[in-house]
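Listed here are the chains, written in short residue letters.
4 protein chains.
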Amino acid sequence: MARNFTGIEGVDVKVISDRNRGALERAQKSFPNILMTHDDREVLRSSHIDAVAIITPISTHYEMARMALENGKHVFVEKPFTTSAAQAEELIELAEKKKLKIMVDHTFLFTGAVKKMKELIDTDVLGKLYYFDSTRVNLGLVQNDANVVWDLAPHDLSIMDYLIEKKPSALAASGVAHINGQEDIAYIVIYFPDKLIAHFTINWLSPVKIRTMLIGGHKKMLVWNDMVADEKIRIYDKGIEVEDKMKSYSLRINYRSGDMYAPKLEQVEALNREAEYFIRCISEDIDPINNGTAGLRVVKLLEAVILSLKSNGSIIVL
Amino acid sequence: MARNFTGIEGVDVKVISDRNRGALERAQKSFPNILMTHDDREVLRSSHIDAVAIITPISTHYEMARMALENGKHVFVEKPFTTSAAQAEELIELAEKKKLKIMVDHTFLFTGAVKKMKELIDTDVLGKLYYFDSTRVNLGLVQNDANVVWDLAPHDLSIMDYLIEKKPSALAASGVAHINGQEDIAYIVIYFPDKLIAHFTINWLSPVKIRTMLIGGHKKMLVWNDMVADEKIRIYDKGIEVEDKMKSYSLRINYRSGDMYAPKLEQVEALNREAEYFIRCISEDIDPINNGTAGLRVVKLLEAVILSLKSNGSIIVL
Amino acid sequence: MARNFTGIEGVDVKVISDRNRGALERAQKSFPNILMTHDDREVLRSSHIDAVAIITPISTHYEMARMALENGKHVFVEKPFTTSAAQAEELIELAEKKKLKIMVDHTFLFTGAVKKMKELIDTDVLGKLYYFDSTRVNLGLVQNDANVVWDLAPHDLSIMDYLIEKKPSALAASGVAHINGQEDIAYIVIYFPDKLIAHFTINWLSPVKIRTMLIGGHKKMLVWNDMVADEKIRIYDKGIEVEDKMKSYSLRINYRSGDMYAPKLEQVEALNREAEYFIRCISEDIDPINNGTAGLRVVKLLEAVILSLKSNGSIIVL
Amino acid sequence: MARNFTGIEGVDVKVISDRNRGALERAQKSFPNILMTHDDREVLRSSHIDAVAIITPISTHYEMARMALENGKHVFVEKPFTTSAAQAEELIELAEKKKLKIMVDHTFLFTGAVKKMKELIDTDVLGKLYYFDSTRVNLGLVQNDANVVWDLAPHDLSIMDYLIEKKPSALAASGVAHINGQEDIAYIVIYFPDKLIAHFTINWLSPVKIRTMLIGGHKKMLVWNDMVADEKIRIYDKGIEVEDKMKSYSLRINYRSGDMYAPKLEQVEALNREAEYFIRCISEDIDPINNGTAGLRVVKLLEAVILSLKSNGSIIVL
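Here the protein sequences come in this chain order: A, B, C and D.
Here our numbering is used: the first residue of the first sequence is 1, the next is one more, and so on.
Here our numbering is used: the first residue of the second sequence is 1, the next is one more, and so on.
Here our numbering is used: the first residue of the third sequence is 1, the next is one more, and so on.
Here our numbering is used: the first residue of the fourth sequence is 1, the next is one more, and so on.
Next up, chain A with everything else stripped away, as it sits in the complex:
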């Protein structure tokens, strides 16, 4: 993040804080002209700083963001926003009162692929959505302070939240914990009005890395494969059409199977774009697409997922 922010016109990175002394020393070497401190409160309370980026373990987000906001600083905070909806709501209220910006690091929203998917959905290229099916698996870094849901799901839930305007109505989640007592495999189903269904596979114990999203609409369907170098988004002119004639006793089903095309995607360094956008939101007083409220919506989904996991996969009404 330091590297990203230093490159932006009008931004002056003043200080980097890390509790790990080794990391701080390495940072000093890379940025000999930036101040280093291992006491984050120094930064959060400083009167010479307008904005902070909080890239720390989830459990510390709330305390740090609150201190920053109370001290008049705009806040960029890693995903997931907070560990509870209550915390997120408190921070949002505080930021509003102080007229400060909160931006939650939903980085994927700034990739060429997600932007293209947003455009395809908003311009009705896909038509009425049928399903949204996401897979994010690999041999993951089993963590001690978070399960696979807190680690991986925020990516896909924030993308879903961005792409789908409808409000989800309910969800259910299943999972198991093989390695250290925290779930390392989980499956989530989210129900929307009009029978739109979303599904998420997240797994820290997969031998292969898979990052795909299938989105099916009644006009077109798409596949996003984030593991290939080119043609990450493929749009299929495929579908099923039902002719519902009054006079016929049975439905007539037609299959459509046409061309596929892979649109050229904007080639951007997403984190860089996001950093620039954070600065622009502050200087031009723009409400970010990934503001505290977006962060809150994702945290609410995460809370419901955890609740469902704890109650053996019960449906949680949202």
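Check the hints yourself; a few may be wrong.
The list treats identical chains as one, so a pair stands whether inside a single copy or across any two.
[To be verified] With a straight-line Cα cutoff of 25 Å, these simulated DSS-like cross-link-like pairs (lysine-lysine) come out:
1. LYS29 to LYS118
2. LYS128 to LYS209
3. LYS209 to LYS219
4. LYS14 to LYS166
By construction, these hints were calculated from the structure, which means they are not laboratory data.
Take the given structure of chain A and dock chains B, C and D to it, following the hints.
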């Protein structure tokens, strides 16, 4: 099937029955020396026939199989075995009484890939199993008399039933029906003892054809991709090992990432092998691996899936 | 071929000939109503037969085709047409005199992929052609009576001959013989006017099966991958444009990198289409696209390739 | 390179030189404590410097390397070493006289993939080599001062030179120049004793990026695909065996088709390893595998390729 059975030593295919006259005429052209009839009861009651193969809509399996068994014929029947566990149990009992064989067409059990997976699990190459994750999606033939579960899930459930010795303890399923009132997308989670979890994605509305299975064990993990021409099974020497030392406060987690290998698979025409095996089971009085009881286990799972779908994804204890 | 021809309206397959008795017996089982003979001359001289399909080793094509033509029969003959241009020319002349059709089995011309490529080139979608690069490699059946050039190159040369209107001006070929004294690996370069270059890699000793063709034009470029199930043809809106302004001293080069699309290809059984086309060419007196002259052009290229191989890769002017 | 060398124990990067002022300013920002100059002679003649890295256009290599060597500096120089064999020979002689090291930046030799291939060949896992087939194509940066051969071939020729102990005996090359008068597509065939053949496809006008190498031996064959994230090297237990029995009239050919395995490759940053190796060669007086002589061998091949291109693909004896 006619072509498969005619090729087997000692088998004499006597008669083919089809209620569709066009199909029967085409069959007559291909097999000018085999008798054709549109009345299946003629076959099922004939005293000149030792065994029948029932390749008909699911709803007819029970009646036809019962008539065949009552008339002293061994029965080969397409999957899924029956539409209810009660029917399956009645047929099994009848076959036992009459000392006749029932074989359910779980064709995949006879592929080189499934045989290799069975071998890898049985010889403990994978180690203790963590998960079993199956995906079978494509732009499917939406059917009027069956949903995607009855159509696609029997394949994967019969493979799971064959590979995993443990008895499943519970399951939950979610799904939606977009096209004609029958589910065209479904997700199934099956729980086993010892935290082994199985998961199935089945979808008739996918623009791409995916047929994969990931099986993760504590020693090795494998991926079966049935859509590639070669190297369908890949075995990864990857995993996570936990050192649980008494003296240390925290677990120590080690990642293992070694070679991958793709074993040569037996190149067989599975249906052909299955047909030969059916004849051998009859002539040598062998109890088939895909006998009525195997068919019944799959039907019981299907019944539970349907029940869960109807009760909004509730957990069904098996 | 017997199966393909029997399915065509108005065609009556009278007799199958094979010098191998086992093959003849198997054929009799599949076609109980067709006459079998191991004496091909019986067929070639019969007065009850209008057309023959010659699916035999290359060295026999000329003799059999000549006898068939002399006896008033239209001829369908496997590729390559003959072992020498002189033979091909004699057969063409004979067919013309007798007003009979010759069709050389350049099956690929009847695939959806090659038809699509022909359309893209003829409608100038690709623009001026830069190169044509073909790879056809696998662990091949090393043959005793032909090297890899006679075995594999006719496929790709006949496709090139069909797609590219220009007459090739020269060629050069390199190869080695590792297994049994016949070349099992060869590389061919063919030069056309206007700097269009064609290149062929053929290899019987490859561990993987590769069947690709890259065709680059100044407007668009395409890749044909015949080993994938879907999206065999991919068209890339990519290229390099040179602005050649009078006033500037140096050329200005622009890179274009746009969308990719994979057109839906006609799903046809090529051999079946070709068989139908053969019958239609006879009944409607059409000159086939794959007539004797097309066969002759391919044989001339093969002769030049062999000559270049024998003279250590020397350029052969065509 | 500056970043790579600064990280090495015992190395003190003193000065960076670039004739481009913008580049120099950006470098100054990244390395505030390193001296910058736009006059390279200042560096090459400085008495405070032990070694230089020459990362400049090919045409400048010889002059700069000579000045550095004359002034007692070890030289690391980008590939290709020089524009002519005569220049390379002169530099090698000069370095020997002065007891200085020359290292040519054949970076690929330091990748996990090439190291693994070297090991597989040296330990005779592949057996007697049949062929070496390399493809390196993409939509390339058409350059004004070099054709595709000088730009891309040094990579693959240096890999071939490293992997194959035998001395090549002859080569031939074909190419065309579509864009700006310099070849942008070329094909190279290199002959070795014992019928080993090497082949190179290099193309700046390809819509897709391909980086593959197939190496076939009589025991095993391998494919290196540098465009995939994992399993870059795949080793196939496939081959053809000839039984040459005295008593039989014809050869008996057996096909072997066994497992495939993808060995785990060392995950290293190749350039980093190479920089460390350069320093170690100096401090421990080691003769580098990529010394001036290795650079010379590659330049000699490049010269022969250019000669063959100019003489319409004639064979050049080496």
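Comparing the hints with the structure gives:
In this assembly of identical chains, the alpha carbons of LYS29 and LYS118 never lie at most 25 Å apart, being 40 Å within a copy and 37 Å across copies at closest. Taking the shortest Cα distances, LYS128 and LYS209 sit within 25 Å of each other only across copies (21 Å), while inside one copy they are farther apart (30 Å). For a Cα distance limit of 25 Å, the shortest separation of LYS209 from LYS219 across copies, 18 Å, qualifies, whereas the shortest one inside one copy, 30 Å, does not. Taking the shortest alpha-carbon separations for LYS14 and LYS166, neither the intra-copy value of 41 Å nor the inter-copy value of 60 Å comes in at or below 25 Å.
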